[in-house]
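Protein chains: 2
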Amino acid sequence: MKNNKIHLFTLITLISTFIYYQKSIAQSEDSVMIKKLFTDALTNGESYENLRYLCKEIGPRLSGSDNAQKAILWTKSLMESYELDSVWLQPVMVPKWVRGEKESAKIISNSGKTKVNVTALGNSVGTGKKGVRGKVVEFSSLEDLQQRGEEAKGKIVFINCPMDLSLLSTGTMYGNAGINRHKGPTEAGKIGAIGFIVRSLGTSMDDFPHTGATQYGLNVPKIPAIAISTNDAEILSKELQQDPGLEFYFRTNCEMLGDVESYNVVGQITGSEYPDEYIVFGGHLDSWDLAEGAHDDGAGMIHSLETMRLLKKNYQPKRSLRVVMFINEENGLAGGKEYARLAAENEEKHIAALESDSGGFLPLGFSIDATPDAILNIQSWGQLFQPYNLFYFKKGYGGADIGPLKNQDVPLIGLYPSDQRYFDMHHTAKDVFEIVDHRELELGCASMASLVYLIDKYGLK
Amino acid sequence: MKNNKIHLFTLITLISTFIYYQKSIAQSEDSVMIKKLFTDALTNGESYENLRYLCKEIGPRLSGSDNAQKAILWTKSLMESYELDSVWLQPVMVPKWVRGEKESAKIISNSGKTKVNVTALGNSVGTGKKGVRGKVVEFSSLEDLQQRGEEAKGKIVFINCPMDLSLLSTGTMYGNAGINRHKGPTEAGKIGAIGFIVRSLGTSMDDFPHTGATQYGLNVPKIPAIAISTNDAEILSKELQQDPGLEFYFRTNCEMLGDVESYNVVGQITGSEYPDEYIVFGGHLDSWDLAEGAHDDGAGMIHSLETMRLLKKNYQPKRSLRVVMFINEENGLAGGKEYARLAAENEEKHIAALESDSGGFLPLGFSIDATPDAILNIQSWGQLFQPYNLFYFKKGYGGADIGPLKNQDVPLIGLYPSDQRYFDMHHTAKDVFEIVDHRELELGCASMASLVYLIDKYGLK
Chain V
14 MKNNKIHLFT
24 LITLISTFIY
34 YQKSIAQSED
44 SVMIKKLFTD
54 ALTNGESYEN
64 LRYLCKEIGP
74 RLSGSDNAQK
84 AILWTKSLME
94 SYELDSVWLQ
104 PVMVPKWVRG
114 EKESAKIISN
124 SGKTKVNVTA
134 LGNSVGTGKK
144 GVRGKVVEFS
154 SLEDLQQRGE
164 EAKGKIVFIN
174 CPMDLSLLST
184 GTMYGNAGIN
194 RHKGPTEAGK
204 IGAIGFIVRS
214 LGTSMDDFPH
224 TGATQYGLNV
234 PKIPAIAIST
244 NDAEILSKEL
254 QQDPGLEFYF
264 RTNCEMLGDV
274 ESYNVVGQIT
284 GSEYPDEYIV
294 FGGHLDSWDL
304 AEGAHDDGAG
314 MIHSLETMRL
324 LKKNYQPKRS
334 LRVVMFINEE
344 NGLAGGKEYA
354 RLAAENEEKH
364 IAALESDSGG
374 FLPLGFSIDA
384 TPDAILNIQS
394 WGQLFQPYNL
404 FYFKKGYGGA
414 DIGPLKNQDV
424 PLIGLYPSDQ
434 RYFDMHHTAK
444 DVFEIVDHRE
454 LELGCASMAS
464 LVYLIDKYGL
474 K
Chain Z
14 MKNNKIHLFT
24 LITLISTFIY
34 YQKSIAQSED
44 SVMIKKLFTD
54 ALTNGESYEN
64 LRYLCKEIGP
74 RLSGSDNAQK
84 AILWTKSLME
94 SYELDSVWLQ
104 PVMVPKWVRG
114 EKESAKIISN
124 SGKTKVNVTA
134 LGNSVGTGKK
144 GVRGKVVEFS
154 SLEDLQQRGE
164 EAKGKIVFIN
174 CPMDLSLLST
184 GTMYGNAGIN
194 RHKGPTEAGK
204 IGAIGFIVRS
214 LGTSMDDFPH
224 TGATQYGLNV
234 PKIPAIAIST
244 NDAEILSKEL
254 QQDPGLEFYF
264 RTNCEMLGDV
274 ESYNVVGQIT
284 GSEYPDEYIV
294 FGGHLDSWDL
304 AEGAHDDGAG
314 MIHSLETMRL
324 LKKNYQPKRS
334 LRVVMFINEE
344 NGLAGGKEYA
354 RLAAENEEKH
364 IAALESDSGG
374 FLPLGFSIDA
384 TPDAILNIQS
394 WGQLFQPYNL
404 FYFKKGYGGA
414 DIGPLKNQDV
424 PLIGLYPSDQ
434 RYFDMHHTAK
444 DVFEIVDHRE
454 LELGCASMAS
464 LVYLIDKYGL
474 K
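As they're listed, the protein sequences go chains V and Z. Counting in this note's numbering, the first sequence runs from 14 upward without gaps. Counting in this note's numbering, the second sequence runs from 14 upward without gaps.
Warning: the hint list may mix true and false statements.
Since the list gives no way to pick one copy over another, a pair counts as held whenever it fits inside one copy or between any two copies.
Unchecked claim - Calculated lysine-lysine pairs in the DSS-like style (CA-CA distance at most 25 Å, straight line):
hint, residue 1, residue 2
1, K168, K128
2, K128, K443
3, K115, K443
4, K407, K48
5, K142, K115
6, K69, K443
What the hints contain is simulated information worked out from the structure, not anything from laboratory work. From a predicted model like this one, the values you see are computed outputs, not experimental measurements.
All chains, please: the whole structure from these sequences, using the hints.
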């Protein structure tokens, strides 16, 4: 009996040692592969040059524009150059909204006329040639507008809600203040206002207005909607205190032209062991029209394309990997919805969906919208990321384009770069190639590639 | 007996609960204080405006220059405005090196003349009016020069050693490649070369040469030394392959004028319980002359000044806190040495020294040059920093200016911001205010203030 116990003990020890040893070997293999991916991205990477091309040779690419089509064809040919197993376009109807001539605006008060930096909100109707002129009522938030909106009947609504800079996450600030831009014009339309102004959703004080989508509610008058720069919001607010009867004039020339055909661009490596299990990763191809969409979401496109290039070159995936350039994230999400619809229709089993749509900044980790088990599973790989200063693996937001896959219980994972600099230039004329750092961009690519590699190799509980 | 056991068990449980409860209260108090420091820095902070003033109203501030003196007086008056217990200047002799007229250089090869972007290395002798012209021998490293240096006798030495971009830390790359700039001119002088060129210590390919100090060895001929931009290093190397007999011409107008009096600037809050225990934190006041020294080390100065402002406003320290603007880090370290000399002479017990000299980028944590116990002690506070995405608390480099305190067994701690963008512009004309992000700067201030607070409150084992 005693001997048996000793044998049992020895056996357990041996098995434990064996398991531990196997795990160490696996960890060490993974370290080697991840190091390989990072080294390739940092020393032979193509991400920075690809981003330069996208920004400088193509440029802004609003849904339905000629430039969006150019970017569709360019990313398709780039995927083809990687010699993936298949590359295709996924047709989808997208709204075509155009800005028209540049906007203009001024404050007309008892101290004179003051020019104001404005931008029409995406999806907004224009003012017509005459523009809109009227008195202004300032509100501190959408809630404030909902409570005492009747004061603004026949006037222009101005929501002046600064971002809450005390928060660490600028993304959270944006989420909190974003409702003013999204829903403000509808609320203002309901109470009979003639125009809508929102303070730009920006973290710095400057003269750059931030555009972004708004949505009109059903059966509500559509009134012209603009954003003004943070500096101008302060000026308007101060002038209103001195002269509550001042008038504001603005002219916008934008219009919604209706739906046109466009495409998601999809590239696939078919898995060697589980070809029917998909891991999808992507960014959105469309951008606002004010600049090159370098961070939003050029960086996310490039992160995803480079992830595919890195994995194709360095690894043989067991599962099917898909890179997707989603169309129309900015003003409709048609691409993301269509991708999810087709995935359901074709009964494709997606074991994970990753998105990069938070800029090309220093990656800190991943934000995970999945079951607690899946989150723990990803966190168990944390040590492998520590040499690259990635420590953030928390429950959180995945991404807009992959969002529609949530109904199919797909774990959604967002690359999480530092967002401190993002809302200084998000949706403004400042979002150009020059403000993206090559090493920060490259690290984002390697981070995404490393997580896709681990999910492919081990699956995701 | 059984009852006694139960009593003992109850007692232990009660004591444990009490200790746990006390610890929780302390942790919670600390969380509240740290949140206060971050909120103050992010919403009422003065760091960004102070950095603007330093960069735009004062500008470059090389040791011994008029601008350095202006910055000394300005930081002194800023400290005085915080109503510290004492503020003083600590006299110290510093070398006064001047660049003189802007440098010029060209390659003269069988394909024609090519203009080259150069900068004299700090402390270098100038070429005289005629400049230096000669054949060029390329070396891959200092070691390569040491091995086959005789080939360059009567010629110009060119060390073309790119940074090792496969490493994660650009600081490590810089450390590895820095020896070429520091020691290259001496080695080249030894073997009878007539001039020295180093490839800029930069992580990006561009036209900006990076300056930085070099040192001449004793009894070695002092030959003129320059850095060329990374793009130009590639060009020169390629041209040398095509035409090994090409000539290089450069003219520099710099000279070392000898020592002049300057100052460290010191501000102190005297501790309420342990006034004879000091916690010192600082950055260096001098900068290179090519730009505004915004990241190097304007950000470190401002981090430290704002740390003092935040603590003075929000906390009553037990120990004596000292903020120091060290002079002459870039080309001599006279300030750091003098501070340490006086600390020893006055038998001041420094329990910790912190420095910020890695730029005003996103803070990731702290790099600690101290005993394993002290490192563990700091790591035990890690959880308090997690809400701010600070995860890096590792053994490493403290800082140049606080380095001389190491002989007195002082734990040295460097603020550790992400260094990915640092060596794109370090020591170049690009190091200006506009490339510092306000939130990243503010987070650095609050991070430093939080660690000083914890060290003050709990001491450091």
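Pop the pair K115 and K443 into one bin, within, between, both or neither, using alpha-carbon distances up to 25 Å. Within one copy only: 16 Å inside, 32 Å across.
Is the C-alpha distance from K142 to K115 at most 25 Å within one copy, between copies, in both cases, or in neither? The answer is within: 12 Å in one copy meets 25 Å, while 54 Å across copies does not.
Since the copies are identical, ignore which copy is meant and state whether K168 and K128 lie within 25 Å (CA to CA) inside a copy, between copies, both or neither. For K168 and K128, the Cα distance is within 25 Å only inside one copy (19 Å; across copies 62 Å).
Between the shortest in-copy and the shortest cross-copy C-alpha distance, which are at most 25 Å for K128 and K443: within, between, both, or neither? within (20 Å within a copy, 32 Å between copies)
With identical chains treated as interchangeable, where does the CA-CA distance between K69 and K443 reach 25 Å or less: within a copy, between copies, both, or neither? both (14 Å within a copy, 22 Å between copies)
As a check of your reading, is K407 near K48 (CA-CA no more than 25 Å) within one copy, between copies, both or neither? For K407 and K48, the Cα distance is within 25 Å both inside one copy (23 Å) and across copies (20 Å).
Of the numbered hints stated above, none is contradicted by the structure.
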